[in-house]
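Q: Sequence:
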Amino acid sequence: RKVTLGPNTMGIALFASADDLADEMEDVDLDEEEAAWEDVEAEEGMEAQDDSEVTFSKHTASVFCVSLDPKTNTLAVTGGEDDKAFVWRLSDGELLFECSGHKDSVTCAGFSHDSTFVATGDMSGLIKVWRVDAKEEIWSFEAGDLEWMEWHPQSHVLLAGTADGNSWMWKIPSGECKTFQGPSCPATCGHVLPDGRRAVVGYEDGTMRIWDLKHGSSLHVLKGQDGHQGPLTCVASNKDGSLVLTGSVDCHAKLVSSATGKVVSVFKEEAIVPKSSAEEAESNSVESLGFCNVMPLAAVGYLDGTLAIYDVATQTLRHNCQHESGIVQLLWEESSPVVYTCTLGGAVCLWDARSGKLISEYRGHSAEILDFALNKDASIVVTTSGDHQAKVFCVQRPDR
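Heads up: the sequence shown begins at 1 in the UniProt record's numbering, then just goes up one per residue.
Zero decoy hints are in this set.
Once the Cα atoms are required to be at most 16 angstroms apart in a straight line, the calculated EDC-like pairs of lysine to aspartate or glutamate come out as:
1. K223 <-> D205
2. K71 <-> E334
3. K239 <-> E334
4. K376 <-> E333
5. K262 <-> D226
6. K214 <-> E176
7. K71 <-> D133
8. K178 <-> E150
9. K223 <-> E204
10. K239 <-> D195
11. K376 <-> E334
12. K58 <-> D82
13. K58 <-> E98
14. K223 <-> D250
15. K171 <-> E150
16. K268 <-> D311
17. K171 <-> E142
18. K268 <-> D226
19. K171 <-> D114
20. K357 <-> E324
21. K103 <-> D83
Worth flagging that the hints you see were computed from the coordinates, not collected in a lab. Being a predicted model, the structure only gives us computed values, none of them experimental.
All chains, full assembly: derive it from the sequences and hints.
A: This is the structure we're talking about:
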């Protein structure tokens, strides 16, 4: 924001008298001016600080998704608004191959459990699977507009949910297919439970279903008072799959027993800072959630920047951790009570869930972070952003 004075650079002579100047100054909202300059500084600060080790910049538009190969944790796949997906090496950002042929923004991408295959999906519903070692496409399918996609945790089976309410399951590479018909509204999120036999799917009408994958039947349906009062945004399960968490734009997270399909508890945000307007409260939603593997804790991330840590055993709030901007996603470390968040302000934050204290913060993007992934030993975080880049951060932790 550059300020250019006119031909009369003395400025003061533009006013007839000192009184006029005083009157004029009274009309200037200095707080607003100051805030505007702070914004400029914040933007510049966002660009200046770069804690990342590697930057991948082959995308030419926003990068929407990232996933790491589970077997070696040495490869990433990213998908973007440029209708492209790339598989590249984390150590140096070297491109291995492009997953070409998409017709719309690539919003889903992920490796199979053994890193043999990588799947990419675009918004129009075109899904492609590539063999990683041969770098070649082995299967593709056109479903309805794509909402979510996930590999089965133990086999070469791919699941996806579409805007017509269907969830799909394919054997790869044969393409043998099953569909699970939901209500006639988008299947907005889904997750395969750790037993590999059931999947949880959330829908735009606020309902949630637990599906038996083998028989194609619905085991449990949560609707009405048991369901949400708005579209589901995210689902997660604990390590043994006995508990499921669902999040929604209604700002509630529901803890559900996967065996009985009953709601065990409802977590509602307990605002630290009262919402200044109904509109502000209205625009808030649950964006991400997850369970800790090593302690009975769960985390819920909100669009207003609140990270809530709950004790699952007592179903009580342990901590509210406040961010300066909205939370996009959260991930727990595999083997410690540390939760990672990424934000619309371009930061990756590490929180100790026991104390609710911020451990560290990493920056490097000049726009919002849209997705991130964590390697198994939590030494590396990979982020994607609206600045057209993906970045690799090495996590330095003094306690390890």
